[in-house]
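Chemist: Listed below are the residues making up each chain.
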Amino acid sequence: MTRVALLPPYGLVQPRPDRDSAPFWEALRQRRLAVQRCDGCGAYRFPARCICNRCGSWATQWTDSAGTGEIVSYAVVHHPLTADFAPTVPYHLLAVRLDEQEDLIVPGGLAAGLESYVSIGVRVRADFADVAPGLTLLKWRLDPSGPDQATR
Amino acid sequence: MAHRAMSGLRDQTAIVGIGYTDFSSNSGVSTTTLAVRAIQNAVADAGLSMSDIDGLATFSLGDSVSPTALAPILGLKDLNYHAHQFGGGSVSHTIVGQAMMACATGVAEYVVCYRALNSRSEFRMGGTGQGAVNTSSEMQYKVPYGWLSPAHDYAMAARQHMNAFGTTPEQLAAVAINQRFNASMNERAMMRKPLTIDEYMESRWIVDPLRLFDCCLESDGACAVVVAKAEVARHLAQPPVLLSAAAWGLGHSLTSNAWPDQTESAAAVTASRLFGMAGIGAQHIDAAELYDCFTYSVLVQLEDFGFCAKGEGGRFLESGATALSGEIPVNTHGGSLSEGYIHGLNHVCEAVAQLRGQCGPRQVEGAEFALSTGQQGVIAGESSALILRKG
Numbered sequence: 001m002t003r004v005a006l007l008p009p010y011g012l013v014q015p016r017p018d019r020d021s022a023p024f025w026e027a028l029r030q031r032r033l034a035v036q037r038c039d040g041c042g043a044y045r046f047p048a049r050c051i052c053n054r055c056g057s058w059a060t061q062w063t064d065s066a067g068t069g070e071i072v073s074y075a076v077v078h079h080p081l082t083a084d085f086a087p088t089v090p091y092h093l094l095a096v097r098l099d100e101q102e103d104l105i106v107p108g109g110l111a112a113g114l115e116s117y118v119s120i121g122v123r124v125r126a127d128f129a130d131v132a133p134g135l136t137l138l139k140w141r142l143d144p145s146g147p148d149q150a151t152r
Numbered sequence: 001m002a003h004r005a006m007s008g009l010r011d012q013t014a015i016v017g018i019g020y021t022d023f024s025s026n027s028g029v030s031t032t033t034l035a036v037r038a039i040q041n042a043v044a045d046a047g048l049s050m051s052d053i054d055g056l057a058t059f060s061l062g063d064s065v066s067p068t069a070l071a072p073i074l075g076l077k078d079l080n081y082h083a084h085q086f087g088g089g090s091v092s093h094t095i096v097g098q099a100m101m102a103c104a105t106g107v108a109e110y111v112v113c114y115r116a117l118n119s120r121s122e123f124r125m126g127g128t129g130q131g132a133v134n135t136s137s138e139m140q141y142k143v144p145y146g147w148l149s150p151a152h153d154y155a156m157a158a159r160q161h162m163n164a165f166g167t168t169p170e171q172l173a174a175v176a177i178n179q180r181f182n183a184s185m186n187e188r189a190m191m192r193k194p195l196t197i198d199e200y201m202e203s204r205w206i207v208d209p210l211r212l213f214d215c216c217l218e219s220d221g222a223c224a225v226v227v228a229k230a231e232v233a234r235h236l237a238q239p240p241v242l243l244s245a246a247a248w249g250l251g252h253s254l255t256s257n258a259w260p261d262q263t264e265s266a267a268a269v270t271a272s273r274l275f276g277m278a279g280i281g282a283q284h285i286d287a288a289e290l291y292d293c294f295t296y297s298v299l300v301q302l303e304d305f306g307f308c309a310k311g312e313g314g315r316f317l318e319s320g321a322t323a324l325s326g327e328i329p330v331n332t333h334g335g336s337l338s339e340g341y342i343h344g345l346n347h348v349c350e351a352v353a354q355l356r357g358q359c360g361p362r363q364v365e366g367a368e369f370a371l372s373t374g375q376q377g378v379i380a381g382e383s384s385a386l387i388l389r390k391g
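In order, the protein sequence lines correspond to chains A and B.
Each residue of the first sequence is one higher than the last, beginning at 1 in this note's numbering.
Each residue of the second sequence is one higher than the last, beginning at 1 in this note's numbering.
Hints should not be assumed to be uniformly reliable.
Stated by the list, open to error - Ranges between beta-carbon positions, derived for each pair: (1) Asp39/A x Phe86/B: 43 to 49 angstroms; (2) Lys310/B x Ala22/A: 38 to 44 angstroms; (3) Asp18/A x Ser66/B: 45 to 51 angstroms; (4) Ser319/B x Gly42/A: 34 to 40 angstroms; (5) Gly40/A x Gly326/B: 49 to 55 angstroms; (6) Asp52/B x Asn53/A: 26 to 32 angstroms; (7) Ser325/B x Asp64/A: 24 to 30 angstroms; (8) Gly366/B x Arg16/A: 21 to 27 angstroms; (9) Ser325/B x Gly40/A: 42 to 48 angstroms; (10) Asn163/B x Pro90/A: 42 to 48 angstroms; (11) Pro17/A x Ser319/B: 46 to 52 angstroms; (12) Gly166/B x Asp39/A: 27 to 33 angstroms; (13) Lys310/B x Pro23/A: 36 to 42 angstroms.
What the hints contain is simulated information worked out from the structure, not anything from laboratory work.
Computed from a predicted structure; not experimentally measured.
Glycine included, every Cβ here is placed at the ideal spot set by N, Cα and C.
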């Protein structure tokens, strides 16, 4: 089946960045996967929040993730809920755990052509796709690093 | 985390009236009209007058009439208690538990808890084609990928469970087939024709691994219940049904401060509080009306409420244990999958009807305790549940 490229206007499902999350979306536009790191205790957190959920500190920095991780789970959407996605079904949704921390799990999409490689535990690395003016999204690709990857 | 058992409130209150509207795919009326109909029915069922009501509580996603707007319509000038929770199934039982608190403390005498929605003909849980229901600031990270609805969250969770425990599509199908069979004995149910495994397997994919028949109905309709102190229940029109326990919880999200292992649901947190308050165990439950936004939700709750071990939910379902004739009848009304989707409040009504002995061909004989539960749509650690007891 020919996959139709996801086209603008992307009008119906634009993300709504807020004052806490704006740096995340700006970093994506610069092809960086950025997460917050607490200056109080060093814990990472995602999504963007004003304080650290572990120690309560307000002191934080945005830092770039290495952009590697493993698939925690996935789903394949067949029934489009909005007009934006009607041309692209079926499409994959991924939940990826970043290597930096156990509970750092990020939603994202899958780079084209990798559907048959998706499985829980597969290692992936972040890539970026400009899908609309001002909107860059995560597209995960396979990552050959990691102890078990040679057997996949 | 401290578990406060609230056992002092056990059996102090009762549900004294239940009311329904018809369930359909197009009510043709407003949510206000639906709410009024259900509430009038519940108040009449209790043998009360509308002027007796001094509390109103509901939950919604901004898709329904609020207690503030409803009170003057019902002619209620002076409410002692009102509440409007933002959310769906996850808080469906929270509002009843909080009404329990209002009545037990004497803040209010008769509290109506209602849910009215036109979730097929008006505001649908997929956001009526306009994108996700904006339930939290975390939605922004999902929606641009087309990760829009509870079905997507639950598909992710089901996939983890299948991967970890070998849960199969046939085991998910068992939920849907069992409940459709129960619905065939329920005149209120929207879907009454028995479902076969072939029909299930041939039904279209919504979001793999969830097919059409893994997903609950979208319904227009309303339910209402009336909560009061236990001692007045005996003087009203129906056999009393006591609230033995209520529990609710939140705090996790899909991400950090998170619950990354979705093979355990939010029910795992509320279950111990719930059984602790009631002073009973899962083995005492005679009927379980488990929130069934999706078949997977039922499967995982069977594990998390302790009816079977973690990972064994699929095998438990296949054994017939959840049939009307089994050791723990589940969703005796057909549930959200087959009776109708009133966001969990119809589960409370069914639990009450079972304990009153009013369920006719789908009656669980000798039922003394019933469990009724709510779970979230967008998976964020919220759930709520009640244990009801024949008075």
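Chemist: Determine for every hint whether it applies to the structure shown.
Modeler: Here is what the structure says about each hint:
Between Asp39/A and Phe86/B, the C-beta spacing of about 33 angstroms breaks the proposed range 43 to 49 angstroms. The hint said 38 to 44 angstroms for the Cβ distance between Lys310/B and Ala22/A, and at roughly 40 angstroms that hint holds. Checked against the given bound of 45 to 51 angstroms, the beta carbons of Asp18/A and Ser66/B, roughly 26 angstroms apart, lie outside it. In this structure, Ser319/B and Gly42/A break the distance hint of 34 to 40 angstroms, their C-beta atoms being roughly 49 angstroms apart.
In this structure, Gly40/A and Gly326/B meet the distance hint of 49 to 55 angstroms, their C-beta atoms being roughly 53 angstroms apart. Between Asp52/B and Asn53/A the beta carbons are some 45 angstroms apart, a value that contradicts the proposed interval 26 to 32 angstroms. With their beta carbons about 59 angstroms apart, Ser325/B and Asp64/A fall outside the hinted range of 24 to 30 angstroms. Distance hint check: the CB atoms of Gly366/B and Arg16/A are about 53 angstroms apart, inconsistent with the given range 21 to 27 angstroms.
Between Ser325/B and Gly40/A the beta carbons are some 58 angstroms apart, a value that contradicts the proposed interval 42 to 48 angstroms. The hinted window of 42 to 48 angstroms between Asn163/B and Pro90/A is violated, with their beta carbons roughly 19 angstroms apart. The hinted range of 46 to 52 angstroms is satisfied by Pro17/A and Ser319/B, whose Cβ atoms lie roughly 49 angstroms apart. Look at Gly166/B against Asp39/A: about 44 angstroms separates their beta carbons, and that is not inside 27 to 33 angstroms.
Our hint of 36 to 42 angstroms for Lys310/B and Pro23/A holds, since their Cβ atoms are close to 39 angstroms apart.
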